[in-house]
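Engineer: Spelled out, the chains give:
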Amino acid sequence: MPETPDFEILDHTADVGVRAWGKGPAEALRNASLGMLQLIYDPSTVKINESREIEAVGRDWPSLLVAFLQEVLYLVEVEGWAIKDLEVVEVSEYRARARLQGEDLDPERHLVSGEIKAPTYHMIKFERDYDHWIAQVYFDV
Amino acid sequence: MGLLRNARQKDKYVWEIPVGTQEGMRVPGVVFGDREILQKADEDNALVQVANVACLPGIVKASLAMPDIHWGYGFPIGGVAATDVEEGVVSPGGVGYDISCGVRLIKSSLSWEEVEKRLEELLDHLERGVPKGLGTKGRLQLSRKEMEDLMRKGVKELVAKGIGWEEDLECMEEGGCYPGADPSKVSERAFQRGRDQTGTLGSGNHFLEVQVVEETGPLAEEMGLFEGQVVVMVHSGSRGLGHQICSDYIEVMNAALSRYGFKLPDRQLVCAPVKSREGRDYLAAMACAANFAMCNREAITHWIREAFEATFRAGARKLGMGLLYDVSHNLAKVERHLVDGKEMTLMVHRKGATRAFPAGRPELPERYRAVGQPVIIPGDMGSHSYVLVGTKEAMEMSFGSTCHGAGRTMSRKAAKKKIRGEELKRRLEARGIKVRTDHLSGLAEEAPEAYKDVTEIVKICEGAGLSRRVARMRPVAVLKG
Chain A
477 MPETPDFEIL DHTADVGVRA WGKGPAEALR NASLGMLQLI YDPSTVKINE
527 SREIEAVGRD WPSLLVAFLQ EVLYLVEVEG WAIKDLEVVE VSEYRARARL
577 QGEDLDPERH LVSGEIKAPT YHMIKFERDY DHWIAQVYFD V
Chain B
329 MGLLRNARQK DKYVWEIPVG TQEGMRVPGV VFGDREILQK ADEDNALVQV
379 ANVACLPGIV KASLAMPDIH WGYGFPIGGV AATDVEEGVV SPGGVGYDIS
429 CGVRLIKSSL SWEEVEKRLE ELLDHLERGV PKGLGTKGRL QLSRKEMEDL
479 MRKGVKELVA KGIGWEEDLE CMEEGGCYPG ADPSKVSERA FQRGRDQTGT
529 LGSGNHFLEV QVVEETGPLA EEMGLFEGQV VVMVHSGSRG LGHQICSDYI
579 EVMNAALSRY GFKLPDRQLV CAPVKSREGR DYLAAMACAA NFAMCNREAI
629 THWIREAFEA TFRAGARKLG MGLLYDVSHN LAKVERHLVD GKEMTLMVHR
679 KGATRAFPAG RPELPERYRA VGQPVIIPGD MGSHSYVLVG TKEAMEMSFG
729 STCHGAGRTM SRKAAKKKIR GEELKRRLEA RGIKVRTDHL SGLAEEAPEA
779 YKDVTEIVKI CEGAGLSRRV ARMRPVAVLK G
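Those protein sequence lines, which keep their order, are chains A and B.
In terms of our numbering, the first sequence opens at residue 477 and continues consecutively.
In terms of our numbering, the second sequence opens at residue 329 and continues consecutively.
One should not assume that every hint holds.
[Claimed, not checked] The calculated BS3-like cross-link candidates involving lysine-lysine, where the alpha carbons are at most 25 angstroms apart (straight line), are: (1) B/LYS591 to A/LYS560; (2) B/LYS465 to A/LYS560; (3) B/LYS741 to B/LYS368; (4) A/LYS523 to B/LYS591; (5) B/LYS603 to B/LYS591; (6) B/LYS741 to A/LYS601; (7) A/LYS601 to B/LYS591.
Keep in mind the hints are simulated off the structure, nothing from the lab.
Construct the entire structure; sequences and hints are all you get.
Structural biologist: Right, dumping it as structure tokens:
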């Protein structure tokens with residue numbers, strides 16, 4: 477059983493973000509993704525029927541975070557997929573690869589509550605902080 | 329925080345943040361508002377963003393903010409920045425992710441008495457006719473070539489397909505076709521995200537509202553507005569296509585940033601010279617998104633007309649359903665303006681601000697040339713909306729710009745915590761406003777309490793001379809994604 481994702485939703489007047497932690501960058505990426513998905517639908521309603529893979533490339537850690545979340549978002553928005561959980565199987569500063577589990581998105585059953593236009597660079601953080609990693613990102617919604 | 333103590337009040341509603349308040353400022357910041365607006369913007373850190381934008385290479389006159397200013401990404405929402413096209417930059421963040429997000433108003437010759445009796449039926453037709461948010465497919469499945477044609481030629485291409493009216497074209501900025509669009513500058517991914525989304529409303533603060541004109545002032549008659557008239561407002565943008573184009577070019581410009589040697593206070597302000605390859609490519613892609621956004625609103629308009637036709641068993645032309653105007657509040661445009669007595673060609677970024685040109689400007693269609701440009705200001709859900717008109721003063725003070733709406737004052741989470749969707753729906757319905765939405769929790773996020781009072785914002789815009797009121801509308805029904 478994967479660990480309960482460690483993240484908090486950041487909420488400022490006009491925008492919304494996620495701050496996630498992990499023992500390493502892979503876990504922080506997973507938790508940031510699950511935080512983002514929670515803003516779109518309720519992942520607890522999603523069943524696992526299928527798995528998919530994504531890959532993202534970046535120029536540095538923050539841009540990798542943005543690129544990775546864009547890939548996750550693309551699966552939801554364009555492929556019409558609801559993600560239950562994911563595992564980042566490979567990560568470096570320039571590349572991340574992940575396996576995701578989920579099923580076809582059903583707006584009613586999955587309690588879709590909104591859309592995310594994009595992850596932004598506003599106050600972005602993806603770095604080691606003492607003995608763990610922190611991933612912070614704000615979204616345009 | 330704390331920039332307010334540096335701000336100098338220049339006029340009743342004009343505040344200046346002088347050069348030097350923050351390192352790197354090339355021009356002062358100017359915020360239009362009263363003390364309360366300034367205070368709130370300061371607490372919000374939005375004044376820092378006004379100062380940050382003042383650091384953009386080639387910015388002229390001032391980094392401006394309209395009275396609906398609030399904290400944004402890089403740029404404040406309500407921000408207006410003009411750069412010299414010869415030496416200045418263009419910034420995708422100064423346009424935003426929802427490129428050419430905007431508002432339009434569709435008129436009718438129907439009075440509220442006529443519509444009230446059939447409102448439920450009309451809403452049924454509207455709900456069936458207009459696709460909303462995530463997980464709903466658009467009604468238009470376009471091929472790659474058809475998408476490219478829409479991006480290149482804008483709304484007239486849609487009209488050629490039998491969607492929308494020829495006469496709508498003159499009631500849109502740029503006649504429904506933003507120049508310079510080049511689909512080869514749009515990524516495959518952006519195409520994919522926009523593919524099935526032509527004519528979909530989207531969620532968040534996007535909506536369709538049936539409204540009644542409640543009060544009219546001078547120029548209303550010239551614009552074809554009368555008290556008791558039923559009108560329809562649409563608020564939507566360029567959907568996934570625009571979001572992806574913005575994301576793509578932020579990456580492109582980030583990669584090129586060191587080459588241009590720009591030092592920016594915020595990564596989200598990333599930019600490239602207007603005349604550079606990156607700048608030109610972005611503008612060509614942005615134009616595609618702008619055309620897509622206008623097509624999106626036009627397709628929605630077409631289905632609104634069909635819903636009225638089905639409800640009233642009469643043609644939409646017979647029902648007087650012409651377009652008042654279509655404004656974009658997230659866009660960068662090349663415009664000629666006077667700066668210190670000198671005429672300059674500028675790239676005017678409006679991020680949550682509306683172009684508001686006065687009578688006489690050559691950009692205006694003939695029907696509005698003697699009247700001035702209609703400016704459409706949506707209220708938050710359940711409150712009033714406005715039609716304003718551009719002024720000469722705005723040309724001098726704000727590059728012909730005014731506010732775009734109310735502006736949030738409460739976060740989404742706070743709104744959700746405080747207000748339950750069902751309760752809000754009941755409350756609105758008790759006030760005679762019907763609500764149709766798929767997601768009640770999304771409704772709570774957009775509750776009226778979460779926004780500033782749009783009437784106050786509009787009054788301040790008028791007080792500052794940025795625009796004048798023409799008509800006020802009250803909502804009778806809201807459809808949300």
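Engineer: Run every hint past the structure and note whether it holds.
Structural biologist: Cross-check of the supplied hints:
1. B/LYS591 to A/LYS560: The given pair, whose Cα atoms are some 41 angstroms apart, is violated under the 25 angstroms limit.
2. B/LYS465 to A/LYS560: Given that 25 angstroms is the threshold and the Cα spacing comes to 22 angstroms, the pair holds.
3. B/LYS741 to B/LYS368: 19 angstroms, holds
4. A/LYS523 to B/LYS591: Roughly 47 angstroms separates the two Cα atoms, so the pair is violated.
5. B/LYS603 to B/LYS591: Holds: B/LYS603 and B/LYS591 sit about 19 angstroms apart, inside 25 angstroms.
6. B/LYS741 to A/LYS601: Cα-Cα ~22 angstroms, so holds.
7. A/LYS601 to B/LYS591: 19 angstroms, holds
Consistency with the previously given hints fails for numbers 1, 4, ordered from lowest to highest.
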